[in-house]
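Under UniProt numbering, the very last position in the sequence shown is 818; numbers go up by exactly one each time.
No lab work stands behind these hints: they were computed from the structure.
Worth double-checking, as some hints may not be accurate.
Unchecked claim - Derived lysine-lysine pairs resembling DSSO-like cross-links, with alpha carbons at most 30 Å apart:
1) K535 - K340
2) K340 - K470
3) K769 - K683
4) K635 - K386
5) K315 - K340
What the hints assert, rightly or not - The following label-pair restraints were derived from C-beta to C-beta distances:
6) Q527 - S68: 37 to 47 Å
7) L630 - A107: 22 to 32 Å
8) G813 - P747: 39 to 49 Å
This structure is a prediction, so every number in the text was calculated from the model and none was measured.
Where a beta carbon is used, it is the ideal one built from N, C-alpha and C, also for glycine.
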Amino acid sequence: MRGAIREDDLKASSYANPNDRPDVDPWMEIDRPIFHFYNPVTNESGLPLVGGPSLKWALGEVDPFAASTSEDTMRGNHFSYVDAIKSYYTALTYKQGAPINALKAKADSDARLSLYASALNSLGHVIHLLQETASPQHSRSERHNYVCKGVYKFGNEDPATRTYENFSNFRVVSEYNRTLSQSSSTSVYTATNACEENDWLDLFNQGLPEGPPGGEAFRVSTYPIPSFSLPREYFTTRESGDPTDPDLIPLATLNQRRGLADYANRGFYTQGGLDQNLNSPPSIDSPDVVFSPSSTDPIAIPGLGSLRLKVGYWKVPDAVAPSYVDSGLDSSGRAPIVSKGYWSTLGVQRSRNLVSLANYTQMGNMLGPRAIAYSAGLINHFFRGKLEVEPIAQRVFAVMNQGVSHTVDSDGYPRRSDNNGIFGFEAVRLNVRNSTDPIVESGTVSIVDQIAGGGTLRAVARYHRNACYKPDLSGERVESYSPPPALIIAEPACVPGQSQRTEFQEISVSAPIPVSGPSDLPGGAGQPLPAFVEKMFDFSADPIPINATDLFIQVVYLGRLGEEREAVAVGTFDVREPTIVAAWNNTDYFYNNSIWLPQNSLYPLRAADNFRSCSGLPAKWMYSVVGGALDPALKFPVTGNNPGVARYAYLFAPPIGAGNLTIRSVPVMIPEPHADVRVSTTKGRQQQANKERIDSSVLAAPQYCRLAAPTANTYWCWDPIQKRRGLRFGDVAQPIYYSVLLGNNGPDVDSVPLPAFTSMDLQDVGENKFNIPGPLQDCPAQPISTTASEAEKKRFDLQQELIEIEEWAGWIGLPDEP
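Please work from the sequences and hints to get the whole structure.
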């Protein structure tokens with residue numbers, strides 16, 4: 001429908017001005033206001049033959065009071081609470097299937113934004129209906145309709161029954177219109193139907209010569225925001241078995257109900273209901289209604305005479321915040337909500353009970369803050385679901401082999417060479433728990449835990465892409481060695497039209513994981529929170545591209561939450577962008593504790609038959625390559641060129657505090673001796689903007705955020721990869737070589753520098769240990785011969801201790817010493 005919240009729309013035939021008509025409803029034309037009434041005492045709309053209770057219309061459920069509620073599939077309202085939940089969840093997870101291309105991805109991105117808008121729009125419609133229960137006419141099913149055109153025109157109500165809403169609107173828009181007129185604007189807000197706007201404005205202006213009372217009550221509220229375990233309780237807390245005959249409901253029961261409709265229904269008079277026999281408020285002649293001892297000053301009404309009023313005061317029961325003090329109350333906490341009037345015209349007087357503009361002002365000042373607070377409470381309830389997402393102990397979310405053969409298409413998507421699918425991360429491990437706070441029911445001491453069950457979890461990766469990416473990493477910024485603090489960074493030459501950061505956000509969505517209860521998703525029962533549970537999400541059908549930028553991992557839950565049949569809970573973690581870790585065979589040189597020397601018979605040029613990549617503290621096995629004599633994992637450089645390289649991509653969490661993330665490379669030579677195990681550290685790669693939308697000038701000035709946190713208001717982090725011995729290796733470049741002394745790391749290979757290579761033999765096979773379901777294995781040590789001497793065994797044990805000490809020191813951020 002046109003505009004934001006059009007819950008008051010009628011069929012097009014009811015509008016005199018075509019510009020006021022709603023857009024065509026794809027479901028059917030509906031006169032929505034006939035569904036805007038709900039009497040919580042009788043549990044019905046009270047409108048014969050037409051419409052239905054606004055509670056059902058708002059929630060979209062067959063029976064909101066059923067022990068197990070269900071969606072009303074025949075509902076006419078498609079801006080209900082049910083629709084808001086559906087749109088919200090779909091906005092988080094929607095993506096078309098294969099084939100993937102930029103055109104479809106942009107359409108998906110636009111659709112998700114529209115779905116977010118639809119979720120908020122639907123929630124806005126529900127809020128509109130909730131706020132309307134703050135009108136006693138809506139919560140007591142009293143008609144006050146008026147249309148300018150159409151069949152309903154013949155059922156228009158008289159002005160006296162329509163004053164409250166029009167006057168409340170007038171209080172609000174008059175301030176805006178006054179401001180607009182001062183700015184010479186010709187556009188104004190209307191308070192009533194366009195065809196009678198001027199008549200009402202004349203009436204209000206004549207009755208209020210000093211101007212309308214301020215509308216602060218409709219904009220500012222200090223009333224405490226309520227919380228309830230179910231959306232319907234914001235409307236009413238009546239129970240499913242409560243009588244619907246008002247004569248059978250004790251007054252004490254009515255006064256204990258805590259919904260907004262309950263409060264408005266029992267608390268105020270309406271012009272059309274002054275003579276009704278209500279349970280609450282009491283009869284005007286009841287001693288509970290105390291009238292002021294003297295008349296007010298006469299109010300002149302042109303053409304009618306003068307009006308004198310006696311004001312009736314009554315204490316409106318509030319079961320949610322009984323200690324809240326409204327403005328305008330007398331010393332006993334009673335509100336002026338009704339009047340007795342005397343008309344004086346030509347010497348003839350007649351008495352009349354009425355609700356005056358002053359009474360309406362008091363009503364608005366009491367109902368407005370509650371409408372605001374209850375609306376805020378329902379919004380809080382809708383978005384209450386929270387998941388806490390944390391990395392596993394190793395702070396690794398995903399691992400893949402960057403060396404597997406792949407290409408990049410014209411849209412900048414990396415494609416596997418074997419099946420043309422997206423080349424990326426196919427599994428994500430993380431820790432998750434339900435951190436949704438228990439609900440403390442307002443007006444009671446009841447605490448309702450928000451336990452999850454009967455639903456599903458999905459992981460969603462949200463990202464942009466570096467369309468400049470290339471399999472050989474030529475689409476990356478490259479840092480070459482230079483003595484600190486100098487930096488030598490080369491910028492890539494991107495193909496025109498292939499941006500280093502695509503304009504719109506894309507997502508990859510995992511397969512669902514069922515949640516049957518708190519064992520699958522612990523939490524929701526308050527502090528202390530239970531331990532996290534580790535989950536492994538399958539992205540094989542929708543991999544996270546290796547060239548993802550601005551990467552976030554979300555976990556989305558849909559299912560029962562507390563007492564609510566279907567709710568959404570979300571948790572998000574800002575991960576590092578794909579961090580390329582490379583290890584290469586550098587055995588053409590060894591380190592003798594002072595300088596690099598060419599290989600010799602004691603420290604020979606050797607291939608690593610097998611290779612293991614590990615990460616974390618304690619180190620776990622992430623990737624394995626088992627080769628052999630004819631096809632080793634890391635080939636040795638042939639005539640000083642073409643070294644074997646293992647190049648993996650990691651999705652890391654940021655390190656803890658000032659610490660680092662650790663990578664352990666374990667070469668295995670058959671037979672021994674093995675080249676030394678090498679440990680490196682990284683902060684993880686950042687390739688991310690600090691805002692979703694940035695302009696080209698920011699992209700043109702990338703920041704090296706791994707070195708120093710940027711201070712600009714808007715910035716684009718793009719950390720470079722490392723180039724050594726003439727080759728682009730990755731964010732981590734680990735040479736594999738022999739050292740004379742145990743655990744001794746040589747200086748940077750380009751500090752000498754060692755001779756440059758012109759090509760590499762990139763390893764494209766292996767087993768992704770990280771992606772195997774179940775607990776991660778400990779990082780395996782290099783094998784030691786069964787015939788090893790005691791001295792060799794001691795050396796081996798010492799080496800393992802030194803490796804673990806080095807990893808610990810790197811993990812906590814101690815300076816790296818050779």
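How the hints compare with the structure:
no., hint, verdict
1, K535 - K340, "violated, 69 Å"
2, K340 - K470, "violated, 83 Å"
3, K769 - K683, "holds, 23 Å"
4, K635 - K386, "violated, 49 Å"
5, K315 - K340, "holds, 18 Å"
6, Q527 - S68: 37 to 47 Å, "violated, 30 Å"
7, L630 - A107: 22 to 32 Å, "violated, 50 Å"
8, G813 - P747: 39 to 49 Å, "violated, 21 Å"
Violated hints, listed in ascending order, are 1, 2, 4, 6, 7, 8; each of the other numbered hints is respected by the structure.
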